[in-house]
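> These protein sequence lines are chains L and V, in that order. Numbering-wise (the numbering used here), the first sequence opens with residue 1 and increments by one. Numbering-wise (the numbering used here), the second sequence opens with residue 1001 and increments by one.
Calculated directly from the structure, the hints in this document are not laboratory data. Please note that a few of the clues may not be correct.
Unchecked claim - With a Cα cut of at most 20 Å, we get these calculated EDC-like pairs of lysine to aspartate or glutamate:
{"id": "1", "chain 1": "L", "residue 1": "K171", "chain 2": "V", "residue 2": "E1133"}
{"id": "2", "chain 1": "V", "residue 1": "K1092", "chain 2": "L", "residue 2": "E107"}
{"id": "3", "chain 1": "L", "residue 1": "K111", "chain 2": "V", "residue 2": "E1143"}
{"id": "4", "chain 1": "V", "residue 1": "K1063", "chain 2": "V", "residue 2": "E1143"}
{"id": "5", "chain 1": "V", "residue 1": "K1161", "chain 2": "V", "residue 2": "E1116"}
{"id": "6", "chain 1": "V", "residue 1": "K1161", "chain 2": "V", "residue 2": "D1125"}
{"id": "7", "chain 1": "V", "residue 1": "K1246", "chain 2": "V", "residue 2": "E1143"}
{"id": "8", "chain 1": "V", "residue 1": "K1097", "chain 2": "L", "residue 2": "D101"}
{"id": "9", "chain 1": "L", "residue 1": "K115", "chain 2": "V", "residue 2": "E1143"}
{"id": "10", "chain 1": "V", "residue 1": "K1097", "chain 2": "L", "residue 2": "D35"}
{"id": "11", "chain 1": "V", "residue 1": "K1164", "chain 2": "V", "residue 2": "E1251"}
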Amino acid sequence: MRDVKPFVSPKLVKPLVFMACLLPLAFGIWAGFTDQLGANPIEEITHRTGDWALRLLLITLAATPLRRMLGWGWPLRVRRMLGLFTFFYACLHLLTYFVLDQFFDWEEILKDIIKRPYITIGFSAFVLLVPLAVTSTNAMMRRLGKRWGQLHQLVYVIAVFGILHYLWLVKADYLLPLIHAAILLALLLVRAWYQRQSLSIRRTAPQPP
Amino acid sequence: MLIKRPNDIKTSEITDEKIYHQRRAFLQTGSRAALAVAAGAAFPGLMFSNDAAAQIAALQFKKNARFSTDEKVNSLKDITRYNNFYEFGTDKTDPAKYAHTLKTDPWNVRVEGEVEKPADYQIEDLIKDSQLEERIYRLRCVEAWSMVIPWVGIPLSALIKRFKPTSKARYVEFTTLHDPKQMPGQKRGVLDWPYVEGLRMDEAMHPLTLLAVGLYGQVLPNQNGAPIRLVVPWKYGFKNIKSIVKIRFTETMPNTTWNLSGPQEYGFYANVNPEVDHPRWSQGRERRIGEFFKRKTDMFNGYEEQVASLYSGMDLRRHY
């Protein structure tokens, strides 16, 4: 691994990333109080929280490729935090839908979840996020051992679901969902590439006598 | 010129106070936006407001109470800053940001197809023989939001009578300007440009069907479809084609843009119908812009009494 001189003290990385992740929320609240959410604030809040949940999910998935490709270690140290912020914005997104958009009209919500494919898949992505958030503590990692890693492979399913949710809800302009899909694909390809390499290294390594 | 400055009428007589204040608010937001641009914020198109300010000219019109709803009218700000006009971008805030590049003067409308005298009309000639009317209509977007908008325009039927369509004319097809220089959204193939919409002849002749040239007593802002657009209040918003350059009378049903883009989702008729859902979302309720709780969507957007007879005997599930 390359020896990269850090721009900031390693101690500051976590608090800085933490604050950066709160910025979209802060901007949103500021926009709300200064009447800058436009004519349809509920739609705007729904879009913003959903956008950030998906963006943070992709950023979380970029941690490992960044270490592999650039030798950066710090993204891996904040990966859990990024994952939890993904969950945080997904919760806000879902709450916006339940409370602001549907105002607890559970019958209507249930119909949506069953009948509307983009809501079915978006809701599924959220449900799958829950066990990952719950098992994100050190204690849970120790308790689950090897199975922890297997469980957290779900993140790939969640990412695909999240992007399908986006793709299926737009009317005609697929550009933004496709950009997200391309980024996810690139991140997965980098992983696959390094996995194959490490496999071939193992294969070509001299066998013990 | 479309813009008439009536010297003999005081502004106070044609602009009620509420509208006046809304206009002030509109101009103020405009100058704030201009400041933001000066400050280097990344919103290149917001300067439109200054052009809009220069353009603001009162139209002479009479209020048509019979065809107007008495529901609370949406603010000029909401109407001009939140709408779909994909020719300027697919975000609902894009039209207000980018429509300043549209040049609406001079403007010609070609009338062709099954008419006695196909011709090019300057927009002034199109409307000069008709009395402009203000009609406050509900507008229901297919995306399940709605507004109440005070349009100024003329009934389409008055024009059609002047064009003298032949007996073969069964449909009317409208086309929007196609010029990616003026309409930057057309540089991307999001839809099959130019935008085309159509009506059956009896729908086009219906007294509710309006060709609008104004909004809130003023010339239509570019982002709302200047200089001339269709308003069919019992249909979903996308039928209300904007910035019309061609009116064509046809024997066969026109191929319309959204119908081509998603035939399962957007029909030719596109009548507001709470019983027939969009395949991806419910049409049973809508959010009126400015309200928190969703409200029930009415059949034909509340114009059932006036228009239901146009569709008697038709299966509206099939002809959505």
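> It remains to establish, for every hint, whether it holds in the given structure.
Outcome of the hint check:
With a C-alpha separation of about 34 Å, the suggested pair K171/L and E1133/V falls outside the 20 Å cut-off, and the hint is violated. Under the criterion of a C-alpha separation no larger than 20 Å, the hint pairing K1092/V with E107/L is inconsistent with the structure, at around 29 Å. The suggested pairing of K111/L with E1143/V holds, with an alpha-carbon distance near 18 Å, which does not exceed 20 Å. Taking the CA atoms of K1063/V and E1143/V, the gap is about 30 Å. The hint is violated against a cut of 20 Å.
Pair hint K1161/V plus E1116/V holds up; C-alpha atoms about 11 Å apart against a cutoff of 20 Å. Between K1161/V and D1125/V, the direct Cα distance comes to roughly 15 Å. Compliance with the 20 Å bound is thereby established for this hinted pair. As the CA atoms of K1246/V and E1143/V are separated by approximately 27 Å, the hinted pair breaks the 20 Å bound. Pair hint K1097/V plus D101/L does not hold up; C-alpha atoms about 27 Å apart against a cutoff of 20 Å.
For the proposed pair K115/L and E1143/V, the alpha carbon gap of about 17 Å is at most 20 Å, so the pair holds. Pair hint K1097/V plus D35/L holds up; C-alpha atoms about 18 Å apart against a cutoff of 20 Å. Under the criterion of a C-alpha separation no larger than 20 Å, the hint pairing K1164/V with E1251/V is consistent with the structure, at around 15 Å.
The structure fails to meet hints 1, 2, 4, 7 and 8 from the earlier list, while all remaining hints are met.
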